[in-house]
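With the hints as extra help, turn the sequences into a complete structure.
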Amino acid sequence: MGWAELRRAISDDKSNTANWSDDTSEVEVTQQKGFMCNVKARGRLRMEPEKVFDILIAPDNYRYFSGIKRIDYRKVLEDNGAGKMKIEVQQVGQWKFLGFSGEFATTLHVYQDKKAGKIGFKLAKPGLMKDFAGNWTIQPLMQKDLMGSQRSDQLKGLSGGPQSFLNILPFQKAQGSFVTLEQSILPAFVPPKPLDRVLKGISSKQVQLLLQDLKQEVDRQSQSSEPGKIAAIRQSSELKDRHQQQLEVKRRSPPSAFGWWPKPF
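Numbering (my numbering), first residue to last: 23 to 287.
Honestly, the hints are just simulated from the structure, not real lab data. Heads up, a few of these hints could be off.
[As the list claims (entries may be wrong)] In silico DSS-like links for lysine-lysine, alpha-carbon gap of 25 angstroms or less:
#1 K55 with K237
#2 K147 with K62
#3 K97 with K108
#4 K215 with K237
#5 K140 with K227
#6 K55 with K91
#7 K237 with K73
#8 K55 with K152
#9 K147 with K222
#10 K222 with K62
#11 K222 with K91
#12 K137 with K55
#13 K106 with K222
Put into structure tokens, the structure is as follows:
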């Protein structure tokens, strides 16, 4: 595929995320064998992939998600020392339905791969859920993507997917992230049709809420770090100006028989 065909492929791709705004998100519910449903939510964030990954794997990340009340325990089962880990986590969630509410505990095995930008999870012990699995995928967005360039990361025709396209061009460091959350759900009790639509609707809203909560935490951290960024830029600028002034003084000062004149205080 040449560059001309590549550009046309991008322009014709209606799923091109370069035209998305920060508020754009997409939720899709499909049927999957062995599960009641599969829910996929996608959105983009103005934060580097590494920082988004750190939010998702934080031991106290329940603070960021309104549907998770607390973490009862967290245990590292495997750690290769290079960013891949397997962790067992028991989290307590909250449910609301027809005016009723309650709590439920879920024990998960979480598989972290920081280099790949992926976090997988699978039910470790059945409970309210008979089966449950999913993953977070975090892909880098460059400045051109955030500004709406037609050369986006959504090149599904290329082998290797979006990431392979990012790897073949000399782009700068990622300035944002494209995040996908996918969950496959099978409750312990699935009501008959058409009542199962109610549970599918609840599942869809829960996945969408998780993505919204993540976006809110990203915005909060970005805003809190902004004063620090401004101060760092100002300090760097002042040091640069001071250094330039010292060079100018040296350039104008005449040399003595014993070398350069003393530096001004």
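These are the hints, each one checked on the structure:
Between K55 and K237, the direct Cα distance comes to roughly 31 angstroms. Violation of the 25 angstroms bound is thereby established for this hinted pair. For the given pair, K147 sits about 23 angstroms from K62 by alpha-carbon distance, which is consistent with the 25 angstroms threshold. For the proposed pair K97 and K108, the alpha carbon gap of about 9 angstroms is at most 25 angstroms, so the pair holds. As the CA atoms of K215 and K237 are separated by approximately 34 angstroms, the hinted pair breaks the 25 angstroms bound.
With a C-alpha separation of about 22 angstroms, the suggested pair K140 and K227 falls inside the 25 angstroms cut-off, and the hint holds. Among the hinted pairs, K55 with K91 is inconsistent with the structure: their alpha-carbon atoms are about 30 angstroms apart, more than 25 angstroms. Using a Cα cut-off of 25 angstroms, the hinted pair K237 and K73 holds, with the two alpha carbons roughly 12 angstroms apart. A hinted pair counts as satisfied when its Cα atoms are at most 25 angstroms apart, and K55 with K152 qualifies at roughly 14 angstroms.
Of the pairs offered as hints, the one joining K147 and K222 holds, with about 22 angstroms between alpha carbons and a cut-off of 25 angstroms not exceeded. Distance hint between K222 and K62 is fulfilled; the C-alpha atoms sit about 12 angstroms from each other, no more than 25 angstroms. A distance of roughly 22 angstroms separates the Cα atoms of K222 and K91; the hinted pair therefore holds under the 25 angstroms criterion. This hinted pair does not check out: K137 and K55 have alpha carbons roughly 30 angstroms apart, beyond 25 angstroms.
For a cut-off of 25 angstroms, the pair hint linking K106 to K222 is broken: about 32 angstroms separates their Cα positions.
Checked against the numbered hints above, the structure breaks hints 1, 4, 6, 12, 13 and satisfies the rest.
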